[in-house]
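Visitor: This is what each chain is made of:
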Amino acid sequence: MTVEVRLNGELVRDDVEPQHLLLDYLREDRGLTGAKRSCDTQVCGTCTVLVDGAPVSACCTLVADVDGREVLTIEGFAELPEFERFEQAFVDHAALQCGFCTAGMLLTTKSLLDERRLSSAEEIRQGLAGNLCRCTGYHAIVEAVAELAGVEA
Amino acid sequence: MTVVERRPLTQVGHSAPRKDAKEKLRGEAEFVGDVVVPRMLHGKVLRSPLAHARVVSVDAREAEAMAGVVCVLTASDLVDLDGYWGHAIKDRPIVARDRVRFAGEPVAAVAAENEAAAEAAADVIRVEYEELPLAATLDEALTAGAPLLHEGPVRPGLFHGLGTLPPRDGNVCYRYRIDRGEPESVFSRADLVVEGEYTFPAVYQYAMETHTVVADYDGDRITVWSTCQHPFLVRAELADLYGVPLSNVRIIVPYLGGGFGSKSYTKMEPLTVALARKARRPVRIQNRVDESMVTTRRHGMRCRMRTAMTSEGNLIAREVDCWFDTGAYADNGPRVTATGGDAAPGPYRWHAYRVDARCVYTNTAPAGSYRAFGAAHLQWIGESQIDELARRAGLDPLAVRRDNLCRPGEEVRGGGKPLDADLVGDVEKVAAAVGWNEPKPPNVGRGVSVGLLAAGAHPVSTAVVRMEADGRVAVLVGTTEVGQGPRTAFAQIAAEELGVPLDQVTVHGADTRFTPYDRSTGASRSTTIAGLAVQRAAKEVREQLERIAGGDALEVATYPDLFRKHFGLAGGELIGRGEVAPFGSGSYAEGPVFWEVCVGAAEVEVEPETGVVRVRKTATAADVGRAINPQLVRRQDEGATMQGLGNALFEEMIFEDGQLLNDTLLEYRVPSFEDLPDQMSCVIVENEDGPGPFGAKGCGEGALAAVPAAVVNALADAGIPMYELPLTPERVWRRIQTLEEEGKWPR
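Going down the list, the sequences are from chains G and E.
Position 42 of the first sequence, counting from 1, maps to 42 under this note's numbering, and the rest follow consecutively.
Position 722 of the second sequence, counting from 1, maps to 722 under this note's numbering, and the rest follow consecutively.
Honestly, the hints are just simulated from the structure, not real lab data.
Please note that the accuracy of each hint is not assured.
Estimated spans, in silico, between C-beta atoms of each pair [unchecked claim]:
(1) E:Glu197 x G:Asp52: 53 to 63 Å
(2) G:Glu82 x E:Leu554: 35 to 45 Å
(3) G:Ser120 x E:Glu741: 40 to 50 Å
(4) E:Gly743 x G:Gly53: 58 to 68 Å
(5) G:Gly31 x E:Val244: 29 to 39 Å
(6) G:Thr41 x E:Pro729: 20 to 30 Å
Note that the Cβ used here is the ideal one computed from N, Cα and C, for glycine as well.
Bound conformation, chain E alone:
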């Protein structure tokens, strides 16, 4: 039970300006690509052109002899290492050994005095391949007798966090099942059943800053500047991979140019370190966009779902089978699959449900985390079935949700955290924001959607707060500034606890040598968990000040006097330590830390002659418990809304025989200014029901699950139910033609 503080707040709850704004606006903020290290070389990766092949030979002699080239790394340089990495499953070689499993897989890397020399040398490395049969799609990978991507026992990675990993079943590398009650018997007595097959596309996170790493390997010390969201997990993987102590690996993360999950866990670091090890000099590898697209992406997914309702409108049962395409290596696929499984039933009072989610290897680029993973995959499907049932029963979709949604404190998943949000209140607010009951012009539809995302990841964060003798405060915490604003939010939390003005607080960037451990920056966890660690550390400093003051009321102006009183001079430093450790076992089964709310509404207009869908209005609920910084909360939801519109309307990675066909931003379109809806609302809900500081809980992902679902429902409300994303004009137009043939259009 969280105890919510009642004293008036002076910093928390206010839209303080971003602490990093001026640096970023003036072009002074440092990103990894701006880091220059003495003697630094430039690396270029040679990637496989084939999606599945045996590597017969690699001949780098000509490349090595070229001017400016320092060395070429191939698998033969790594025989002293085990050489396999992967935080969930250790299935991934640093560079391909005897086999490549996706087009784009690193086969060799060149270190040279400049990028042009490295690139020219990579071009003349001769690799002989022998093509192998492909399993490039879910269908091909799941067929009996399909080529197997991986053989031998499953080797668990350091951070899968999913209990005992089961053995592989063909190309299925992980399976997550939930059974509750007896769905078969409940379905048999249902009045209305909706069922369908659905397809969700692979998409690219497109953090505008591509994956970039500078690595130095000096003796047994590894120093890495990386575009990584989780420096402490990367540190552990590198220490494990190269057999050095944790403390010998230092990861420095300056500002990150967006992440959205694409920079979670380990990506380009093992290869860059290997190249630096061979070159005996620091090396930088900076991906181009086409390379980052095959470094990680969102899982494509196929799903079969059916949902049952009584004629009175009671939702009673659901069955879900889904298959996540994780590509050639697991990356975060198992966790994405489990989170998708958790999101699949939706937060309703079911009598029974069954979920069976599989994570499948294919010969395509690996898939990992992307904002709202799992929930974004499943919510639009489940929510569209509920709308379809409501339509058939002649009921208002909003009323069906009001009658069936779980209430605070009710069970969401057996054994897991009960519901910690007011979903009915949330959905009513967003429905009102898009004018739910107002008359609709022709070809306009409205939709709402409700879902939950298991958030928080593993709840371990630590923080240190240092107060100097002049009353200035430094916050040390391993959270990375990806753009979401933790440096501002943490400064507000520390300033609140210590009573100092915000401009006296500095939050430093992550550097594993100096900043204390933070498990990761993702899963909407930073304000909630790392923020709690910061709050505890600041409180510890405050307690020290109170002890020194000996009963006198604390006043900021007298802090320097307290230092003199305690240390006997105008010096010294007070240090507070904050720790958050798991409540309970911290296991996935007992989680999540909190349920992130994914509630949204949309109004769309379709042009039947072209199939073009225009989004007129969106609304999302940022159910954050307590908004530490309301403006930053709103900005998070707006960003997630826009990514959700891209995912819903046009983003799609197109693979053919394992080859990515649209690997530039010209062919892979992301939303621009011109895709803005006329109205984009974010309703902030503050019920102080989160486990974080001041009753806060995380946000920023939910809208990316809620908005596509609301758009799909709005389009169905306009008469066009869809079963495949994205809702491209061609797809929508074809659907209209089919509906016309079936006599269902125009309505």
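Next comes chain G alone, as it looks inside the complex:
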């Protein structure tokens, strides 16, 4: 089947199998390897991308389901002017270690901030609970996101 996706701001058309996963499409067909595979069950958040601004797990989403929609991956986000602010906060707080979860963490944070859903440390913890990180113990990420959201960590 043919799908048409606005991928990182650019309109792309591709022929794909109906059962083709968005994660495989991005990584293998489009060479966008910033989204990572881990749990395959929508628990860990390493494969998070934004579809029409909302975070989804690309490991459990079909390319067919994003036909006609906007997909933003970390590669696209990194090109946006607002990214610099996110980058600086994560660098300043050393809010990453191995980096495997980092793209998903940033994209989820962007979506929550865009929707103004980060008005307290409590909301940060709840909002990001769908993104696991095994290295940092979360503390540093809460600090970085709190700074971005302008709230107390």
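Following the hints, complete the assembly by docking chain E onto the known chain G.
Guide: Here is chain E on its own, set in the frame of chain G:
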């Protein structure tokens, strides 16, 4: 004796931003799963559904005939090789030969043009099994007449590092004993004795990046991209297994997506290389989470311990028997067992103690390294007994520790390295951080814990520092970047020695063809040992610059002039070499390189109606000698704290008849943002008492032993002593019911 430098430091001691941050934040950092090699195939492993069975036959004809399939590997393809591997004990076939010993053991593997084709083909390989009696638990494996998992002589692996391996005793593949004094007679004159039986769960390290390997076997050359922490040890095992020279095996390690020990030593590499050898093309095997869970895990353990104290509060004797469940193959079980044995007494001034630790084969997935192994297993048990004794004697647990802990320079283990840390100072700092003496609300308890972890592994590392004619510096060292930040710390060390700005230093990833030998990335050794090699290599470059300058003071701005002076043109390169070799024999008995401090405190609140334990505060001591990068030190402790909370509160692999029941992240829960304590403190202690550069010693593991122990003690302080981890609501609630029946709850 370490000579500590006193000149003012400009790079070391500062929280420099991570060198790898931008690449990782922008999704540009390369991991093994991102590596694409020309003509690369995709591999899929067929794993045994049975925990113990004879393999009667494997029929892969239908699979081989499927579209897109290049080949199917079975044991019959490996008859020209000895075929057994294992860095501690060579007990493990590349794929099962005549027998499978755990559910999940590789039986065959398919190489195909894409993953879907490989998976479809693996599904139609027909394997006939004949079930064998199970020894799936410690009880079953230790019973007289238990089915034996392995027979024949023990074959030592290349890197067990434990002297002469004793013969197997039934299913016990290794035993570590320490005897000091005469515990029996000391116990007989004790005023107070506490004893109990304890259970520690098997847990999964869950590095978010699963084990992934790309292998190419071209003639007699093997090239491997692997998610491995110890590329040089993997290289040696592959060279040995396939009978090729060391230099013909090249291991490349890009960024690793976490490790925590799960990627230490050899894992999926032998099988991927075998598949590539048969396919005559490069092959990638990428585990799914359920496959990584049966590739390696933390040892479950059972322990019997008793501890004696005088009525004045002097700790005098301890006896420990413990059994580590290493699963079907030894992996790092012997070392885990020995390290657990070392951690068992705890760093106190005992009159006598006895430790007997056994490593036991069972028909479950193999167990190996996981952050703070051994110490995480034993510290919560020993420390809970000390708190119980303190309670019975009416003494403050903190005071008991203050009075009994070893002091710097005192013996920790006969013949081994004396204590190189101020434990009393450390525990007082963490106790203060959780408000030790403040009043407690109902159902709230506080606990502290103190322990040591034998750290550093075998102290062999080498490094090369190259300075280019423009003053830029490249550091070559075989340490792997697992997330812990060695590329940043090494850059700071080199920049410090050479006086160059940090952005002029690049630390390259491990590639055994180019980066010099580093024994391993684990045991909290990298900053201490590889860091020392980097420092020495940088110093060698500095000495060359000084010689060229001929007495003139060195200034970074004039480095290019020195190159012109020396080489006669704006070119050339200065190369420094750094080596760390064992102090003494490097044997395990004389070790460790340093004692990693495992000191923590916690405040918990229990909800008696549900058994839910909420951790309000944690504090850990990062006793690092010298923090090369304080922010990265703190972040290490925070990560280890959170893993410790998972291990203490809810993580547990549940096996039934050798089958892992909770093999997805839905059923195996790891900590999330919502499990963060209200307060998580890390106290950095810098006494410049480490053997590493600038007096540094390693960190990052201790908190994972200290925090569970502190949580257990805090819960006991709230009135609920526990003998089994994790502290699930159900387990805690049941315990409360028992205490209620015994008239001990509410207090």
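Visitor: State for each hint whether it applies.
Guide: Against the structure, the hints come out as follows:
no.	hint	verdict
1	E:Glu197 x G:Asp52: 53 to 63 Å	holds, 56 Å
2	G:Glu82 x E:Leu554: 35 to 45 Å	holds, 44 Å
3	G:Ser120 x E:Glu741: 40 to 50 Å	holds, 43 Å
4	E:Gly743 x G:Gly53: 58 to 68 Å	holds, 59 Å
5	G:Gly31 x E:Val244: 29 to 39 Å	holds, 34 Å
6	G:Thr41 x E:Pro729: 20 to 30 Å	holds, 23 Å
Hint violations for this structure: none, all hints satisfied.
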